[in-house]
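Single-letter residue listing:
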Amino acid sequence: MRSDPAEFNLVAPSDLQSALALMTDEGERWMPIAGGTDLMVQYAAGALRARRLMSIAGLAELRRINVAADEIQIGAGSTYTDLRRHETIAHEFPMLAQAAGWVGGIANQNRGTIGGNIVNASPAGDSLPSLLAYGAELILVSLNGERRVPYTTFHTGYKKIQLASNELIRAVCLPRRFIGYVQHARKVGTRNAQAVSKIALAALAQVDGGIVRDVRIALGSVAPVPMRLAETERILTGNLLDDSVVALAAKTAASEVKPIDDIRSTARYRAAVVGNLVVEFLERLRAEPAATEARNEALARWNALSADAAEGEILACCGSRAWARAMAARRPLADESALVGASDEICAGLRDADWLEAFRAHPRVGEKKAEGSASQQSAAWSAQEQSSAAAAGAESKAALAEGNREYERRFGRIFIVCAAGKTSGEILAILQKRLQNDDRSELREAVEQQRQIMQLRLRKWLRA
Amino acid sequence: MTKRGAAKRDISLTVNGEVKTVSAYPMERLLDVLREQLGLTGTKEGCGEGECGACSVFMDGALVDSCLVPVLQAQGSSVVTIEGLAADARARAVQDAFLEYGGAQCGICTPGMILAAVHLLNAKSAPTMDDIREGLAGNLCRCTGYVQILEAVAAAAAKRGAAR
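So the sequences go chain by chain: A and B. My numbering puts the first residue of the first sequence at 14, with every later residue one more than the last. My numbering puts the first residue of the second sequence at 362, with every later residue one more than the last.
Think of the hints as simulated: they come from the structure by calculation, not from any bench. Since we're looking at a predicted model, the values are computed, not measured. There may be inaccurate statements among the hints.
As the list claims (entries may be wrong) - A few chain B residues that don't get close to chain A, going by computed Cβ distances all over 10 Å:
1) Asn377
2) Glu389
3) Arg390
4) Ala423
5) Leu433
6) Gln436
7) Ala447
8) Arg453
9) Ala519
To be verified - So the derived list for chain B, only partly shown, Cβ under 10 Å to chain A, looks like this:
10) Ala368
11) Glu410
12) Glu412
13) Gly414
14) Ala477
15) Leu481
16) Thr489
17) Val508
18) Gln509
19) Leu511
20) Ala515
21) Ala516
Beta carbons: idealized from backbone N, C-alpha and C, even for Gly.
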């Protein structure tokens with residue numbers, strides 16, 4: 014039933030200080046109302062519990078957008094239309110501008126505010142995944158002053174937020190560090206406008222030579238609060254987006270979310286679509302064509318070298334001299350796929366001794382120096398590949414060192430694993446599992462790991 | 362019984378170019394004030410929750426749903442309703458196109474549709490069909506199936522382009 018306006022009070026303080034003073038008022042709280050696109054809907058349904066409301070729609074202090082050198086501060090009272098029209102937001106934070114365009118129709122975008130979207134705290138809030146993906150911080154203000162909190166922890170549960178009863182969100186701050194990232198936002202709903210989302214995704218990544226350097230994936234409507242896909246991000250980081258990585262990421266994403274059955278969709282549908290959206294994002298990353306030409310040029314330079322020089326240079330990708338000699342003999346190679354294809358063919362014909370030579374060019378996992386000779390480039394790549402593992406604490410480093418010793422006692426050679434993106438815990442688990450292998454199948458496993466390392470390195474080499 | 366609400370108060374706003382002062386509860390909807398106190402019944406109520414756009418008006422130039430605006434928030438602003446656009450050449454062109462293309466049937470959505478179309482054309486003189494779809498996405502029609510409405514807006518835009 015519709016509410017009776019006689020039962021409600023509404024005041025309109027003329028500035029932020031007066032509004033904050035009202036919020037410290039004894040007695041019943043003054044509920045802030047900005048564009049009314051949520052509260053007035055509750056009011057229409059007779060479901061608005063607050064009886065004292067305070068309009069903050071006209072407060073100029075809340076509607077400024079300031080662009081500083083390192084961040085943009087978006088006043089919480091900025092409307093979705095303000096966001097869509099702002100140059101810096103459109104250019105550097107396109108996922109936020111795009112999400113603003115998802116909100117209702119134009120009339121709703123002219124009234125609804127980003128601060129309102131945050132405090133309304135619906136799991137389906139359109140702008141929220143992008144704020145999470147961009148690593149937003151919020152400036153909260155009360156008569157006591159301001160405090161700055163990370164957005165990550167602002168939502169503490171379904172419709173629960175970390176905002177004191179005397180506080181307002183003054184501004185949303187986004188770091189200006191995503192230039193050059195591929196950014197991808199997608200809403201899945203029954204229709205584009207005026208539909209609450211079944212799932213919304215905001216994902217961005219920095220890809221360097223096909224390798225994912227940094228990736229942030231956030232989703233709405235799949236958990237009580239907007240969430241990051243931490244596990245999926247970890248799988249992708251430091252890796253090349255080959256089919257197996259994409260498939261693993263999709264599977265992980267679908268299992269990482271915590272969707273529910275509700276009026277708009279089912280949990281099963283949501284989990285499946287999350288996987289699909291992640292694939293769509295990764296396909297877009299893979300399609301980034303920009304660097305192709307540079308790689309072909311790098312290859313043309315190598316094609317023109319003397320046989321000895323060509324062999325010496327490519328040895329950084331794999332320490333087997335037989336392999337390097339065969340690679341140099343296959344020149345000229347036209348492009349990256351020809352290069353990787355040639356390597357795979359040569360690998361198929363390598364003897365065990367060649368593989369053992371290749372293994373010796375790697376340092377032990379958790380160490381820096383290889384047993385055999387390794388180029389500077391090879392050592393630098395090893396350090397990169399093992400960077401996730403190197404972040405481990407002393408205890409797991411010790412466990413890894415002990416595992417390495419056991420492996421070498423058992424198989425008489427260094428333990429080889431494609432370490433890129435893997436933590437020391439994961440590597441340790443793999444090591445322990447492989448200790449159960451017999452000699453022959455363990456050599457095959459090590460060769461496969463070496464082949465994966467070589468693929469990564471060949472691609473990095475073209476991009477060096 | 363404790364008095365929790367507010368008394369009526371005088372609220373002034375400009376409506377279709379004229380300053381009006383109404384006596385209203387601050388949480389009364391702008392929609393109701395326009396229709397019931399000012400007699401401007403061209404603004405319709407459809408859903409009453411910001412989904413259908415039948416109650417669209419311009420507030421300080423921006424398209425808004427008047428069912429979601431507490432009248433106190435309109436204090437001091439300039440509101441334009443469909444009646445206020447009667448003499449506007451752009452609105453007339455849209456209205457003519459709606460007639461020509463069969464963009465109006467029962468008429469409940471039509472004022473809001475025309476306001477949304479004019480709002481779009483004010484911002485974009487040569488909109489694409491996607492622009493038109495987006496500009497009118499907040500307005501629901503239960504009769505036409507939308508195609509005639511979209512065609513009408515496209516025709517009005519083209520006519521204006523040709524007239525230049």
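Evaluated hints:
Interface exclusion of B/Asn377 from chain A stands, the closest Cβ pair being 18 Å apart, more than 10 Å. Taking the minimum C-beta to C-beta distance to chain A, about 4 Å, the non-interface status of B/Glu389 is violated against the 10 Å cut. With a cut of 10 Å on Cβ distances, B/Arg390 falls inside the contact zone with chain A, its closest approach being about 8 Å. With a cut of 10 Å on Cβ distances, B/Ala423 falls inside the contact zone with chain A, its closest approach being about 4 Å.
The non-interface label for B/Leu433 is inconsistent with chain A: the shortest C-beta to C-beta separation is roughly 5 Å, within 10 Å. Some Cβ of chain A comes within 10 Å of the Cβ of B/Gln436; the nearest lies about 7 Å off, and the non-interface call is violated. Residue placement check: B/Ala447 keeps its beta carbon more than 10 Å from all beta carbons of chain A (closest about 21 Å). Residue-level check passed: B/Arg453 sits 22 Å from the nearest beta carbon of chain A, beyond 10 Å.
Here B/Ala519 stays apart from chain A, with its beta-carbon at least about 21 Å from theirs, past the 10 Å limit. The beta carbon of B/Ala368 comes within 9 Å of a beta carbon in chain A, closer than 10 Å, and the hint placing it at the interface holds. For B/Glu410, the shortest C-beta to C-beta distance to chain A is roughly 4 Å, which falls under 10 Å, so the interface hint holds. Checking B/Glu412 against chain A: minimum C-beta separation of about 6 Å stays under 10 Å; hint holds.
Using the Cβ-Cβ criterion of 10 Å, the hint placing B/Gly414 at the interface with chain A is satisfied: the shortest such distance is roughly 6 Å. For the restraint placing B/Ala477 at the interface with chain A, the shortest Cβ-Cβ distance is roughly 7 Å, inside the 10 Å limit, so the hint holds. The interface hint given for B/Leu481 is met, as the beta carbon of that residue sits about 8 Å from the closest beta carbon of chain A, less than 10 Å. A least Cβ separation of about 15 Å between B/Thr489 and chain A goes past the 10 Å threshold, and the interface hint is therefore violated.
With a least beta-carbon distance of about 16 Å to chain A, the hint placing B/Val508 at the interface is violated under the 10 Å criterion. Because the smallest distance between the Cβ of B/Gln509 and any Cβ of chain A comes to about 19 Å, over 10 Å, the interface hint for this residue is violated. Taken as an interface hint, B/Leu511 does not check out: its beta carbon lies about 14 Å from the nearest beta carbon of chain A, beyond 10 Å. The beta carbon of B/Ala515 is not positioned within 10 Å of any beta carbon in chain A (closest approach about 17 Å), and the interface hint is therefore violated.
A cut of 10 Å between beta carbons decides the hint on B/Ala516: the least distance to chain A is about 21 Å, and the hint is violated.
Of the hints listed earlier, those the structure fails to meet are numbers 2, 3, 4, 5, 6, 16, 17, 18, 19, 20, 21, in rising order.
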